[in-house]
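A.B. asks: Residue numbers (my numbering), protein chains in the order written: chain A, -3 to 320; chain B, -3 to 320.
These are computed hints drawn from the structure, not numbers from a lab.
Just so you know, these numbers come straight off a predicted model, no measurement behind them.
Check the hints yourself; a few may be wrong.
Note that the list lumps identical chains together, so a pair holds whenever it fits in one copy or between two copies.
[Stated by the list, open to error] Here are the simulated EDC-like cross-link-like pairs (lysine to aspartate or glutamate), alpha carbons at most 20 Å apart as the crow flies:
1) Lys21 with Glu135
2) Lys21 with Glu155
3) Lys229 with Glu1
4) Lys112 with Glu127
5) Lys266 with Glu9
Letter by letter, the chains look like this.
There are 2 protein chains.
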Amino acid sequence: MQKFEQLLNDFREFLNNENLNFEPKELYEPISYTLALGGKRLRPVMALLSCDYFGGDYNEAMNTAMGIEIFHNFTLLHDDIMDDAPIRRGKDTVYKKWNSNIAILSGDTMFALAYKYITKTKAEYLQPILEVFNQTAIEVCEGQQFDMNFETDDNVCIEDYMMMIRLKTAVFLGASLKIGAIIGGASQNDVENIYHFGEYLGMAFQLQDDFLDVYGDEEKFGKKTGGDIITNKKTYLYLKAFELAGEEDLAILKKHFVPNHPDSNQKIQKIKDIYLKLGVDKYSEIEIKNYYQKAMSYLDKIEHSGNNKAELKSLANRLIKRDY
Amino acid sequence: MQKFEQLLNDFREFLNNENLNFEPKELYEPISYTLALGGKRLRPVMALLSCDYFGGDYNEAMNTAMGIEIFHNFTLLHDDIMDDAPIRRGKDTVYKKWNSNIAILSGDTMFALAYKYITKTKAEYLQPILEVFNQTAIEVCEGQQFDMNFETDDNVCIEDYMMMIRLKTAVFLGASLKIGAIIGGASQNDVENIYHFGEYLGMAFQLQDDFLDVYGDEEKFGKKTGGDIITNKKTYLYLKAFELAGEEDLAILKKHFVPNHPDSNQKIQKIKDIYLKLGVDKYSEIEIKNYYQKAMSYLDKIEHSGNNKAELKSLANRLIKRDY
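Just chain A, same shape as in the assembly (with noise of 0.2 Å):
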């Protein structure tokens, strides 16, 4: 067994282990049931990954991830208020299920939680840990922000959109590896190594998941392909699409990217098309490589060599699909 899944399985018993069934239920029943929707576990087990790597317990790490992955399903939580989405793995979303006053508080006891979890880690840890995590904590919030925001403003450009998803989503996953690191002793060059592998990573990890939204093998991704198409996401792909077209394509674009298009299979199709022609998704891979590349140089410098660098380059191939 590869050291990710032995610390996946180590990290889901603890959290199976954990009683979050407090009073009020109102406030604790949606807890319980967003932590037991799943997924990847990643950002806890890129913790625990990065501690063991640098030469740590583990298991010194382990409330700090229980902290992160409730931070993480707490963004979640609250993201799909705010972003309206009825659905989350399959699941109603806690707003939908129970009501928004419940969503938006019951989220707020996730984000004390997780704060909770982290608190128990060795005092002498704690102040650099959570100056990581809190600076993190606000950055994902500046990207939510700017994500709402792209969406009624007609001037966002492809340098916008990348600074966007380095605060959603890349920093966290760069912050998630840097505190499993300062947990595992790693030198001061070390933890900002692995911060930007982590970074670059998240980067590259984003915008493969743009690509695969419109190209994405359908039974394999888990969803159903063009569903940022149809929302009119302004993504790496249709922003780079409006870059590149002439006037004729334009006009398409514009034509097609409008609300409440009366034929969404027509319409994926049509900006496929023009994709295809201008070569977006090529130019997509390219920036996808580039990002893996940042990161993989980052993963060169990381000095130290206790253990194996090649469970840091599988959660690489893990995230990243291609092999660049």
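With chain A fixed as given, assemble chain B onto it according to the hints.
C.D. replies: Relative to the frame of chain A, chain B by itself:
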């Protein structure tokens, strides 16, 4: 100038000098707006006062006090969404002035900012302070959920109500003093003594708030009386009236405590008549006095006497208008 005023001035100066004008402005403008609405700054000053009382340098508690105030304002911001409250301190609430999504997310950001300030506390105090703060944050959420539950629960009793206001209001006053005491270097006993002093003071304070909502001098109180009656809020007075009422009075209570009563002034008058007849106001004053005296008994138990206990006594009299 009394100590309280001096600390209040210092805290206000600190708050005014903090720059929170970051990007995106859609996220940070509501935060600055909320923090500029004013308020008594009671909780942060309580932390500073407690730190000072136990012989600590209150400047070392300033960042933590700021975190406490930001957290308090975050709870108000999210409560206003949940309670559908359009006005706070004479101005539009955030969800009203902007929208719910902005209110949710700027609230979340304030929660993270609160921790950012608290994390600046000296490392040696950080873990014990966070343990208090995390637990309190969770309890405040629990209190708000109970409060919302009670709106539609016809079996709420006075004991439930006391439990709810303890969680929603009292523990945070206790925690503010406790956190200040920890930074001030108080003994373990005194840390607990001052917590209970604040907790019971908080109970008396909330009961007094309910009392003044019906019997307050509108000019002094700063708002129209009868608000809780109009909204059928299950306060101590409401619950005590139902507990004491005979068949006839019960019928009147039930007739008037309905949603969308056609005549608010008549409703207030009818309910006040029943309250007077049943002596509910007197029972309320007895409860306020009981909690006030419990608070005082914990003030007496405080062993440390380096500074003047009169400062803490005067804090109590600032919160509770009559000297019981």
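A.B. asks: Among the hints numbered above, which are violated by the structure, and what are their numbers in rising order?
C.D. replies: Going through the list in order, the structure violates hints 3, 5 and respects the others.
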